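There are 2 protein chains.
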Amino acid sequence: MLIDARMFRLGNARNVIRETFEYGKSRAEVVGRENIYDFSIGNPAVVPPEVLNRTMEEILENEPPIDVHGYTSAQGDASVRQAIAEELNSRFGTHFHKDNFYLTCGATAAIAISLGAILVPECNEVIGIAPYFPEYGVFTENSGGKFVVVPPDTVNFQIDFKALEEAINPRTRAIIINSPNNPAGIVYSEETIKALAALLEKKSKEYGNAIVLISDEPYREIVYDGLKIPFVTKYYKNTIVCYSFSKSLSIPGERFGYALVPDEMEDSQRVYLAVCGAGRSMGYICAPSILQRTLGKIVGAVSDISEYKRNRDLLYGGLTKIGFECVMPQGAFYLFVKAMGGDSAEFCQRCKDLDILVVDGAGFGCPGYVRLAYCVKPEMIERSMGAFKKLYDSYK
Amino acid sequence: MLIDARMFRLGNARNVIRETFEYGKSRAEVVGRENIYDFSIGNPAVVPPEVLNRTMEEILENEPPIDVHGYTSAQGDASVRQAIAEELNSRFGTHFHKDNFYLTCGATAAIAISLGAILVPECNEVIGIAPYFPEYGVFTENSGGKFVVVPPDTVNFQIDFKALEEAINPRTRAIIINSPNNPAGIVYSEETIKALAALLEKKSKEYGNAIVLISDEPYREIVYDGLKIPFVTKYYKNTIVCYSFSKSLSIPGERFGYALVPDEMEDSQRVYLAVCGAGRSMGYICAPSILQRTLGKIVGAVSDISEYKRNRDLLYGGLTKIGFECVMPQGAFYLFVKAMGGDSAEFCQRCKDLDILVVDGAGFGCPGYVRLAYCVKPEMIERSMGAFKKLYDSYK
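Heads up: the sequence lines are chains A and B, in that order. Position in the first sequence (from 1) plus 118 gives the number in our numbering. Position in the second sequence (from 1) plus 118 gives the number in our numbering.
Errors might be hidden in some of the hints.
Which copy is meant is left open, because identical chains are indistinguishable; a pair holds if it fits in one copy or across any two.
Unchecked claim - Think about it this way: if two alpha-carbon atoms lie no more than 20 Å apart in a straight line, the pair counts; the simulated EDC-like pairs of lysine to aspartate or glutamate are:
hint, residue 1, residue 2
1, Lys415, Glu175
2, Lys320, Glu243
3, Lys495, Asp185
4, Lys143, Asp185
5, Lys264, Glu283
6, Lys470, Glu152
7, Lys355, Asp471
8, Lys216, Glu140
9, Lys264, Glu464
10, Lys216, Glu382
11, Lys495, Glu319
12, Lys216, Asp431
13, Lys352, Glu204
14, Lys264, Glu137
15, Lys280, Glu205
16, Lys514, Glu243
17, Lys280, Glu140
18, Lys456, Glu497
19, Lys352, Glu384
20, Lys439, Glu497
21, Lys456, Glu283
These aren't lab readings, by the way, just hints derived from the structure by calculation. From a predicted model like this one, the values you see are computed outputs, not experimental measurements.
Chain A extracted, bound-state conformation (with noise of 0.2 Å):
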């Protein structure tokens, strides 16, 4: 039977990560739950709050059920839209509309429609900045193009912009950031942001092409100490932001999220109906009309993060006094450890055999340093210093 090779690569191929988890629970039947410290899985461990249940279980009961149901249009119901943009212009002082969202089946969705939409075969490249979320890769050639990598900065993981300006080339179309980032846990300050802006201007300037600048932020409402997100459309127009609210509202099953086209963008109407297109083209019809009216009603609702924050200071003040060299976690939920003897295939094994599980960074393009997902039970935080503790001192 003829297939296409890369689909079967794409569905043949193991997910690490999952593998990891799955090994964590047939282990755990082993030595006991207690005794296995999984920090494989970014799944968001808050529960969702309270009103959204609330909310869904109101319009099951009272909204007639043709409606609650149906299709919307396919950039999804108007009035849901226009609550996400006011929601979002009280937040940042934007002047977001109804007709710049197109809403889609979560973030992913939204980064594959967007790449459908803009990249043509005279120009695409697609620049990823490490450490980074693999699927972009996946995406970027879904659209026939071709996946860059720049190498991460390992001083502070902001970006590595003479490596940034050396990737970029006339064929650049896109380049993709993710903050605040998983897997670092850093948030590009506004220094970064704004120092980016200034490059791609100026790269745009220099070969008469817009460059587009995709904003994957799913995890832009979970932030720690205060920290303010710089909104990325207001330093930079040729921005298209791609969201999600599978972790803000820990619905990650749901697939519900957007992309933002703003008016600043050139041709932001054109780029807007081929993002539209795009999704046409991929057989996405609508986001799913429950959420889409649950979320319209509850914008703005977040799950509570404080106990992300309380984890994370756990963690990272746990394995920091042990003597690990931590990335500060500013946001989403991971920490980026360095691994002990600078092979961090060997520190996940080393890991692994003191029953912690860790994910390799090099799968995000940053060898050297592993992920640690604390959307956990902080009982097992406390509990794994122990163990913490002898990997460490195995290394000395």
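Model the placement of chain B on the given structure of chain A, informed by the hints.
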């Protein structure tokens, strides 16, 4: 700003059906809602079975929200897939199991993904049999394929096998069928499916390359007069079934369906993995999780289709009594009416002049006919008969 020309064209294209629907709403404000006879939109009009909302509410009440709204595996929750398999087995005597199913955001996603899995550059032609759902061409092109249309059999709207055989060539990769059919309302007989299977087997052998049959069957549960649907995988092993719960449960906005790759298919497991890979490549993560959970508990439930049957009888009876030539609907909720005078565009315009809104069959590859969606209030059908009589008389 560079954008993909095809995506822009798709996003910018007029949707004739939706435009007609919008026209109907604005016209209703002028002449009164009771004086508009809108048969343009194929939205399910029967309420979802009561068990659907009740089950969803119970899940929201009683199950841990983190699980309810959490990720499932990419192919869907194993127990939900198994429940779907067993329900089909009990009705059709098949032997499916969970690993034959990849749960998707509706049948459109299932078709787009399936084509992504099986189209290869050297064998990329996909045949649609008129009248057909126009998005088949869009999804085919999305995976680099060429869409080929076989003209309709306007005698009984089964398949013109002579024309189909002429269309098949060594580059033919797949054939998409849709029974019960939108827009013709017919159901392929067992004789048709047997003849189709025999032809595809012969041609697959002749070219040394299995031709895949994609059976798009969102209307499978909506059939009348006790008609038995031949389950296609039992007749032709290289079949992928693309299904949606949109019509049977009246939940089109919720986007829930599946691609079914049977064990009988050549290289079944490799095809299944390629389907998983194609979903991943297009940014699909999992079907909406609360829908999965709900459907897993109520699989087999169907909206009360007796309302559609009553409408069919009203509309078919009324129009044929006036003198119109109509295809007798056996399933779905569409009546295909022969355009008097032969010019279906003109016929649509004359309908519109009488505030009857219908859709030209030309968009489905079948000019000379118009589609009437009878998922409407029966009172509207009754009220419309005077206008239809005027229409008929205008041609005499």
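Now for the hints, and whether the structure bears them out:
no., hint, in the structure
1, Lys415 / Glu175, "both (12 Å within a copy, 18 Å between copies)"
2, Lys320 / Glu243, "within (18 Å within a copy, 44 Å between copies)"
3, Lys495 / Asp185, "between (40 Å within a copy, 15 Å between copies)"
4, Lys143 / Asp185, "between (41 Å within a copy, 16 Å between copies)"
5, Lys264 / Glu283, "within (17 Å within a copy, 40 Å between copies)"
6, Lys470 / Glu152, "within (15 Å within a copy, 71 Å between copies)"
7, Lys355 / Asp471, "neither (49 Å within a copy, 47 Å between copies)"
8, Lys216 / Glu140, "between (42 Å within a copy, 19 Å between copies)"
9, Lys264 / Glu464, "neither (31 Å within a copy, 49 Å between copies)"
10, Lys216 / Glu382, "within (14 Å within a copy, 48 Å between copies)"
11, Lys495 / Glu319, "neither (45 Å within a copy, 57 Å between copies)"
12, Lys216 / Asp431, "neither (39 Å within a copy, 42 Å between copies)"
13, Lys352 / Glu204, "within (16 Å within a copy, 53 Å between copies)"
14, Lys264 / Glu137, "neither (28 Å within a copy, 38 Å between copies)"
15, Lys280 / Glu205, "neither (37 Å within a copy, 59 Å between copies)"
16, Lys514 / Glu243, "neither (44 Å within a copy, 63 Å between copies)"
17, Lys280 / Glu140, "neither (40 Å within a copy, 53 Å between copies)"
18, Lys456 / Glu497, "neither (23 Å within a copy, 71 Å between copies)"
19, Lys352 / Glu384, "within (14 Å within a copy, 54 Å between copies)"
20, Lys439 / Glu497, "within (18 Å within a copy, 76 Å between copies)"
21, Lys456 / Glu283, "neither (26 Å within a copy, 63 Å between copies)"
Taken one by one, the earlier hints fail for this structure at numbers 7, 9, 11, 12, 14, 15, 16, 17, 18 and 21, listed in ascending order.
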